[in-house]
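Following the hints, position chain B against chain A.
The lines below spell out each chain.
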Amino acid sequence: MAKRTDNKVMTAAEAIDRFVFDGATVGIGGQTTGRVSMALAHEIVMQGKKDLTLSGCSMSISMDMMVGAGLVRRTEFGTGNVELFGATMRWRRAIEAGTLEIDDYSHLAMASRFLAGSLGLPFMPSKSMLGTDLLNKKSFDNGKPFEMIDNPWNPGEPVVLLPAATPDVSIIHAQQADEIGNVVIEGFSTHEPEMAKASKTVIVSCEELISPDEIRAHPDRTTIPYIYVDAVVEQPWGAYPTSCYRHYEHDGAHMRHYQACAREGGEPYDEYLQEYVYGPSTFDEYVEKAAGAERKKELHDSMMGLL
Amino acid sequence: MVVEASRYIADGDIVMVGTGLPMVAALLALKNHAPHMCYVVETGPIAPEVIPTPTSVSDARVMYRAVRHGSLVDALGGVLQRGLADVGFLGGAQIDQFANVNSTVIGDYENPKVRLPGSGGANDIASHSKKVLIIVRHEKRRFPEHCDFITSPGYIDGPEGRKKAGIPSAYPDIVVVTDMAVMSIDKGEGRLRVDKLMPGILLEQVLENTGFKPLVAEQVDGVDPPQGSELQILREEVDPEGVYLKSAE
Chain A
0 MAKRTDNKVM TAAEAIDRFV FDGATVGIGG QTTGRVSMAL AHEIVMQGKK
50 DLTLSGCSMS ISMDMMVGAG LVRRTEFGTG NVELFGATMR WRRAIEAGTL
100 EIDDYSHLAM ASRFLAGSLG LPFMPSKSML GTDLLNKKSF DNGKPFEMID
150 NPWNPGEPVV LLPAATPDVS IIHAQQADEI GNVVIEGFST HEPEMAKASK
200 TVIVSCEELI SPDEIRAHPD RTTIPYIYVD AVVEQPWGAY PTSCYRHYEH
250 DGAHMRHYQA CAREGGEPYD EYLQEYVYGP STFDEYVEKA AGAERKKELH
300 DSMMGLL
Chain B
0 MVVEASRYIA DGDIVMVGTG LPMVAALLAL KNHAPHMCYV VETGPIAPEV
50 IPTPTSVSDA RVMYRAVRHG SLVDALGGVL QRGLADVGFL GGAQIDQFAN
100 VNSTVIGDYE NPKVRLPGSG GANDIASHSK KVLIIVRHEK RRFPEHCDFI
150 TSPGYIDGPE GRKKAGIPSA YPDIVVVTDM AVMSIDKGEG RLRVDKLMPG
200 ILLEQVLENT GFKPLVAEQV DGVDPPQGSE LQILREEVDP EGVYLKSAE
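First to last, the sequence lines map onto chains A and B. Be aware that the first sequence starts at 0, since it is given in numbering that gives the first Met the number 0, and climbs by one per residue. Be aware that the second sequence starts at 0, since it is given in numbering that gives the first Met the number 0, and climbs by one per residue.
Incorrect hints may have been included.
Cut-off 30 Å, straight-line C-alpha distance, at most; resulting in silico cross-link-like pairs (DSBU-like, lysine-lysine) [stated by the list, open to error]:
#, chain 1, residue 1, chain 2, residue 2
1, A, K136, B, K30
2, A, K136, B, K112
3, B, K139, B, K129
4, B, K195, B, K212
5, B, K162, A, K136
6, A, K199, A, K49
7, B, K139, B, K186
8, B, K162, A, K143
9, B, K112, A, K49
10, B, K30, B, K129
11, B, K195, B, K130
12, B, K139, A, K143
13, B, K130, B, K186
14, A, K136, B, K130
15, B, K186, A, K136
16, B, K163, A, K136
17, A, K136, B, K195
18, B, K129, B, K163
19, B, K112, B, K212
20, B, K129, A, K136
21, B, K129, B, K112
22, A, K49, A, K136
23, B, K163, A, K143
Don't read these hints as lab results, they were simulated from the structure.
Just chain B, same shape as in the assembly:
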């Protein structure tokens, strides 16, 4: 899951990174195939040489040898809203068929069943990144037809949803990488489409565990299995103490 996600980062990309599995994927990309990646943290550090393994966006490990320590306005305004972020990572409790993400509330906003942390930088990342990567576990309740609350925009309600709302990044790539599959936005429909399956997973399993009915690519490939080198970097350099990998694959 993490290895696959890291492959969507190209060398030289400017990447907005939070913590958790996105950070692990970004670090793997940095050390494996994207040494010129510019890692940007919302608290302000620009291009740090990250020391494994930060546990937060305010961790000193994510400030080490940055070119600059700035502010939130510098990072989320000056880089992200300015349109310079090639890739941004998101997570969330619900992702619907249009790749809208909910990290605010399960249930009704005014009478919530579960109050979640809120947007943080997620809405900003989803609004302004050229490519959005989402890494989550594949569970049916995580993929409803419609989010209870749209915190971060996918394609809202269709292929022109973002354009109509005036969202600056109108037609981004959105890739959802789970422990079962890779789903990407079909820009013609503005909806998620199953593109690849994780090793040992059948399409039926993916469809059973998805609350909405996704599009399915004409040719659904298997995800390329992790290379030995990718796994080695992951386990020895990126997350040697298994802070995050314990809970992932």
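Chain A with its partners taken away, still in its complex shape:
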């Protein structure tokens, strides 16, 4: 898809249908309980895209849900983790059962791989992971997971070379975007700027659509310029139940509920997916069901008090 100045606004359904294919490598945005692209993840699960490789740094509920729904062949990551809310349980169980391929890196290593991709480079040097089993284990990656070289300017100094990570499609939730795909991320940006620029296609959901003029009035705020972006989905609460800086806090109650179902697996987990993912006809409906107007106000007000 050429990065023209077309109007790229579309529904999540259309964006996922057009840009996520079976067998794709999907770049996962967000970090643990912050600004995870949940609306886009729900849509991937609803459309049953399968045989996916998920690529990211700190992957949490969106990754766990796709694994739990049986859509994922492999994950490459720094961590699978929901911090205070515990481990990503469907992911953990799948690895323990031997049904999920994995590629462990450190966070800096994955970010370095995306950095290489974002600069059009085949690899990026790193000084992390030396001396550990992260460089010893068997990899499920198709190619070579890393290469060790001698620093050409300081022979005897080992340097790790990491292959560029270039997802087929990345899914990101941001605070603002305009119709041609300029993206403003507020607060932390974690691995997303590099991941987006390294990806072949990018789908962004946003809390609010702003005008191209607003973008051009503050070009220093643009995190990802439109030339990297293929689809824009206007979706307030699109990170729910994770947080979105300047908009709403994470909903601990709903996250605990997801985690309880994920820990159990089996029928309780299937029931969660049915009630909250497959059941609702829109993401808005899911948020109403899971949170409701009063809770949404609480989460919004709580965030406003932290700014």
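What follows is chain B alone, placed relative to chain A:
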């Protein structure tokens, strides 16, 4: 445990902080004796004025009035790998006699008994910090002779282990603070050594509850008990709702 750990942070230190007890210790240091500490979060915030009590590295409380909101490359690359981190915190399921840490897998990597979260920023922190602080509960299974998997490097296998592997921070201080003792790396041997005991704990108890045989300092002191001021700051300012302190001391 948290109070003792906070004492290893000096005023002006640049500190890489995650969540959980490390964050509580870092905040206590910030408010108690290290007001010029630069708190760095891997998601990107540099020097936030942290609002108690963040529950994650992506919590808005850990972004409040930062000097900059950056990216993971800025934090883990630009600060940590760049060599600017004075102190980094780690946790983990296993810590062996060389202070190697395992947060990847219990059992065999290809046939795991328990799959753990993975490195996250831990390997990066252990590789590049000038001083590594580890806060964990003291349990025998947590301290095996050798980790099932080395996620984050201690001294690997001896005093020159890091240097041989080419790890940039070749001879860091590594301090393990538990609810029973303080163990530090003896740089001559590259192995952990019991330095201090927590109040009311005997050396025998520590040795019984450690899976490997640690070195023991010639003079094993008691940890200075928490000052009233430290406890007050902890309970009133750092973690007033006991989000983390409930599960600690």
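Evaluated hints:
no.: 1; hint: A:K136 - B:K30; verdict: violated, 42 Å
no.: 2; hint: A:K136 - B:K112; verdict: holds, 16 Å
no.: 3; hint: B:K139 - B:K129; verdict: holds, 28 Å
no.: 4; hint: B:K195 - B:K212; verdict: holds, 16 Å
no.: 5; hint: B:K162 - A:K136; verdict: holds, 21 Å
no.: 6; hint: A:K199 - A:K49; verdict: holds, 19 Å
no.: 7; hint: B:K139 - B:K186; verdict: holds, 23 Å
no.: 8; hint: B:K162 - A:K143; verdict: holds, 25 Å
no.: 9; hint: B:K112 - A:K49; verdict: holds, 27 Å
no.: 10; hint: B:K30 - B:K129; verdict: holds, 22 Å
no.: 11; hint: B:K195 - B:K130; verdict: holds, 18 Å
no.: 12; hint: B:K139 - A:K143; verdict: violated, 38 Å
no.: 13; hint: B:K130 - B:K186; verdict: holds, 13 Å
no.: 14; hint: A:K136 - B:K130; verdict: holds, 27 Å
no.: 15; hint: B:K186 - A:K136; verdict: holds, 28 Å
no.: 16; hint: B:K163 - A:K136; verdict: holds, 19 Å
no.: 17; hint: A:K136 - B:K195; verdict: violated, 36 Å
no.: 18; hint: B:K129 - B:K163; verdict: holds, 17 Å
no.: 19; hint: B:K112 - B:K212; verdict: holds, 25 Å
no.: 20; hint: B:K129 - A:K136; verdict: holds, 27 Å
no.: 21; hint: B:K129 - B:K112; verdict: violated, 33 Å
no.: 22; hint: A:K49 - A:K136; verdict: holds, 26 Å
no.: 23; hint: B:K163 - A:K143; verdict: holds, 24 Å
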